[in-house]
Structure formats: structure tokens, C-alpha cells
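Under UniProt numbering, the first residue of the sequence shown carries the number 1, and numbering increases by one thereafter.
Keep in mind that a hint or two might mislead.
[As the list claims (entries may be wrong)] Once the Cα atoms are required to be at most 30 Å apart in a straight line, the calculated DSSO-like pairs of lysine-lysine come out as: (1) Lys327 to Lys188; (2) Lys210 to Lys455; (3) Lys210 to Lys400; (4) Lys188 to Lys213; (5) Lys463 to Lys213; (6) Lys466 to Lys208; (7) Lys463 to Lys210; (8) Lys208 to Lys455; (9) Lys455 to Lys213; (10) Lys208 to Lys463; (11) Lys400 to Lys436; (12) Lys400 to Lys327; (13) Lys208 to Lys338; (14) Lys327 to Lys436; (15) Lys188 to Lys208; (16) Lys400 to Lys455; (17) Lys455 to Lys466; (18) Lys466 to Lys436.
Since the hints were derived computationally from the structure, they do not count as laboratory data.
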Amino acid sequence: MVERILFPVVPLWLLFIAVVVSFACSSRDGSIRAYIFADSIRVSRTIAHPFSSMQSEGVPGAGCTGPRESALHGASQYNSSGCTEVIPHGRKVLLYGAMGRHNFGDMLMPWIVETMLQRRYGFCPDDFLHADVAGADLRAYGGHLVIGVGSLFSNMYNGSLDVIFCGGETLQDISLNIAMGMFGRGFKACNADDFMHRGHSLAYLLPKDKFAKPGLFIANTVGGPGTSRINQSWFDHCTLRQNLHRAGYEDCLAAPDSVIMINILFGESISLRTNGLPMGRYFAWQFNSRVHFDDGFVDAILAAARTNNFSIVMFRAGAAPGHDGLKPYEAMKSRLEKTDSSIAVTVFDGLNIWDISALISRATLLISTSLHCRIIAFSFYVPRVTVVLGPNGTQVGGNKHFAFMRDWDGDWDYSNDAADARIGLSIQEALRPSSKVVFDNNTRRGVGIYENVFKTWADSLHKHWKSHGRSGRQ
1 MVERILFPVV
11 PLWLLFIAVV
21 VSFACSSRDG
31 SIRAYIFADS
41 IRVSRTIAHP
51 FSSMQSEGVP
61 GAGCTGPRES
71 ALHGASQYNS
81 SGCTEVIPHG
91 RKVLLYGAMG
101 RHNFGDMLMP
111 WIVETMLQRR
121 YGFCPDDFLH
131 ADVAGADLRA
141 YGGHLVIGVG
151 SLFSNMYNGS
161 LDVIFCGGET
171 LQDISLNIAM
181 GMFGRGFKAC
191 NADDFMHRGH
201 SLAYLLPKDK
211 FAKPGLFIAN
221 TVGGPGTSRI
231 NQSWFDHCTL
241 RQNLHRAGYE
251 DCLAAPDSVI
261 MINILFGESI
271 SLRTNGLPMG
281 RYFAWQFNSR
291 VHFDDGFVDA
301 ILAAARTNNF
311 SIVMFRAGAA
321 PGHDGLKPYE
331 AMKSRLEKTD
341 SSIAVTVFDG
351 LNIWDISALI
361 SRATLLISTS
371 LHCRIIAFSF
381 YVPRVTVVLG
391 PNGTQVGGNK
401 HFAFMRDWDG
411 DWDYSNDAAD
421 ARIGLSIQEA
431 LRPSSKVVFD
441 NNTRRGVGIY
451 ENVFKTWADS
461 LHKHWKSHGR
471 SGRQ
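Turn these sequences into a full structure, and let the hints guide you.
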């Protein structure tokens, strides 16, 4: 209707330019194009959505008119201070979390949140900004073009922002220095001197007074021990991914980690991925590079593979410093083959977060030290064993693993704390036909709880946007 009203008064030369620009901003592969100002020179970069050919499945951009541009339209490239100049253009939703370094669970969280808001509430891709403590471009791995959150502090950005803390260990006592250590060399935090709030030590939880025009602040199934007292006034809505019965969190609702929605949102598209992914029946095995497995554990893994006629596929869930490394995987492959050459063992070295998700979704069994590996398996109804205890009972997983299994994926004798020879018992339990009922019930229950909790704050955000105006759309 708007186009019909405007069309008679638009000069033909301007209409011609608009058509040319529209054509230039779109592409046959469905990619998204962002325009970035760098030293007064306009540079075009392509931001390919991982499922650009699957628009019917609620992919970001479906239902939005015009070119699917990035919210960083008119932004400069990262400068030497780690800052990005973002030009205000209507109200934005800032998705903030540890999405700027390679850890596939943290990289998936913003996709889950923004896709649900787009599919169910009519938000569009350029309504969102994505930020971490430092900026990084993780589009090659299926992630986002991420800016340093300091670029949006009040001394640099005066636009209206609603902020969603996407999840992860947000309530963990992580200082800016510790958070930056997960990026490796060459990264800088914008506005580092103004980053921490009066001695506040939670790098992934920022107060409203950091921003010029803050709107709603929403904690989306955030995790962490909760030992730090938080100011309830920082949140308009608070949801936790665990039942945290502590003072200061009385007003927070509990629901599973939002990544459990990946199957519902992206399951069909994930099932079509073929990028060097394994075939047949296999154990998917992920472990942190700092974990050591003794001979009893390795023997039990091989015995389970022989008994069930499975191959073993090892993969990484994260390549950021302190996460998973290829060398330990190759060493484990040699160790397994030396012990029993009859078992096929491969190392999947891909780092695209959607390929990793596809690998887990097709596995006959998942064995992992990563919580988000378990959560992906949870979403796709895959039998799962989480390794939280290593040799001699030493803990290799954190309290977040125990919390998830206790609150959302429990009712097991062994599959919660596989250690040494008990890994064999855990695998047997996970693969029992009767266990499928438990797994399925846990998943259905968890998804239902998350959807209800999501609706409480998403309804509020949608109403807030309707009352304050969208970014150029009605």
C-alpha cells in the first residue's frame, strides 16, 4: 500500500537507481550484503546466512521487505582501538554474549533468539546488532559479524537499544581480562577503560547506565554459579538456565538453555548439510584438549564400538583458546587404532557450527565434555553421555553440566557422570530401548518450558517495540 501511494511522486531516474541498488544488494544465492564505510570508501561484504536457500523454514529475512541488509549498515571497520562506529538507524535489539570467539554453543545462541523473534513476532535481520567484549568476524564458521560492545557505549552510540543477554555463563565471575584471553592475540576491547562498572566483575553482564538510550534488558536463560549478587534493576526480564535458589534471583524464571530449540528452528536445513560429514552408524566423541583419558576409559570406548558395530568420529565444539585442539584428537585417533585397528576412527576437522550440529544430530550416540554438545543431542533426541569425571574421579566438567542434567535431562543411574570404566555402563544405559522414552520425554518437556518462558519476555519486547516504533517499519 505504501508503494502504491509513493510511486506516482517518485521521479523515474530515482526509481531506476533504486532498482539497480536493490539488485546489487541481493544475490541469487540469497546472501545478505552489508555496506561498511572505511576511510570514506564504501566496501561491500557478503554475509551469507547458513541456510540462505531455506527461506520457507523461517530463516532470518523471511517476511521482511527490501534488501536483507546487516544492522551494521553504515558502520566503519574495526579500528586500532577495537571500536566500530555504528551509525544509529532506528531502534535496535543488541544481542550480547560470548559469540565473538569460536565456541559453537555461544555462537548458536543469537541465531536461536533472533530467529524466534523474527518468525514469531515479525522482527527483521536489520533490527539486530551482535556484540561480544571484542569484535570478530565469524561468518565463515556460520556465526555473525560481531562488534565490540564498547562501541555501543554512550560515548560512541546514541541510538535506542534493547539488550538481550543471550545466555552462557553470564553470571560467572569473568573479568574483562579473562574474557579477552579467550580471543587470543590481536584483539582489543573497545572502551576497555570504561568497561567494568565500579569494580563490577561480570564482563558479560552490563548495567543500563553504560548506554545512552537503554530500553528493555532481558536475560535469556543465562547461567553461572550466581555467587555474585546482581542488581535486579538491571533486568526487566530475567530467565536462568538452572534452578538457582539464591538471594537476589527470586524474580528469575528457570528454563533450559535456549539452544535446545535448534531442532525446531533449523532441523530440516541441518538434515540437508553434506559438508564432509560422516555416514553410517557412529559414536560422536568430543573432548576438551585439557582432558586426559586413561587406558580403562579408552578400552571401554572401543569395547562399546565393537559390541554395537559403530565407528568413532571425533570432532571439536570450539577452537578458541582453552577449548578443543586437533593435536589431542589426532593423538587419540592413533591411540585407538593402535589398541584396536578393527574400529574405524576419523577426526572431523570442520568448524562450521551448522556442520557440527549436523554431525551430532545424526550420531547414534554422543559422548562429550561440552555441555552444548549434550544440548544439541538433547534437541535431536540423540542418546548422550556427558563426561564430567576423569581419571581418579577428578572433575573435568563444571557445575553447569550437573545442573542441566539435574534440572532438565536427568533420571539416569550412570549417564550423568561417566568416569573411567563406568563409561561402558553409561553407554549401555544410554542405548537401552527403554532409555529412549526418558530422552524423548526430557526433550519434549524442556522445549515446552523454554517456549513458555521465552514468550513472557518476547511478548513484552514486541509490545515495547510497537509502542516505541520499529526501525523504519510499521
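How the hints compare with the structure:
no.: 1; hint: Lys327 to Lys188; verdict: holds (28 Å)
no.: 2; hint: Lys210 to Lys455; verdict: holds (27 Å)
no.: 3; hint: Lys210 to Lys400; verdict: holds (29 Å)
no.: 4; hint: Lys188 to Lys213; verdict: holds (25 Å)
no.: 5; hint: Lys463 to Lys213; verdict: holds (18 Å)
no.: 6; hint: Lys466 to Lys208; verdict: holds (21 Å)
no.: 7; hint: Lys463 to Lys210; verdict: holds (24 Å)
no.: 8; hint: Lys208 to Lys455; verdict: holds (23 Å)
no.: 9; hint: Lys455 to Lys213; verdict: holds (24 Å)
no.: 10; hint: Lys208 to Lys463; verdict: holds (20 Å)
no.: 11; hint: Lys400 to Lys436; verdict: holds (23 Å)
no.: 12; hint: Lys400 to Lys327; verdict: holds (27 Å)
no.: 13; hint: Lys208 to Lys338; verdict: violated (57 Å)
no.: 14; hint: Lys327 to Lys436; verdict: violated (34 Å)
no.: 15; hint: Lys188 to Lys208; verdict: holds (23 Å)
no.: 16; hint: Lys400 to Lys455; verdict: holds (24 Å)
no.: 17; hint: Lys455 to Lys466; verdict: holds (16 Å)
no.: 18; hint: Lys466 to Lys436; verdict: violated (44 Å)
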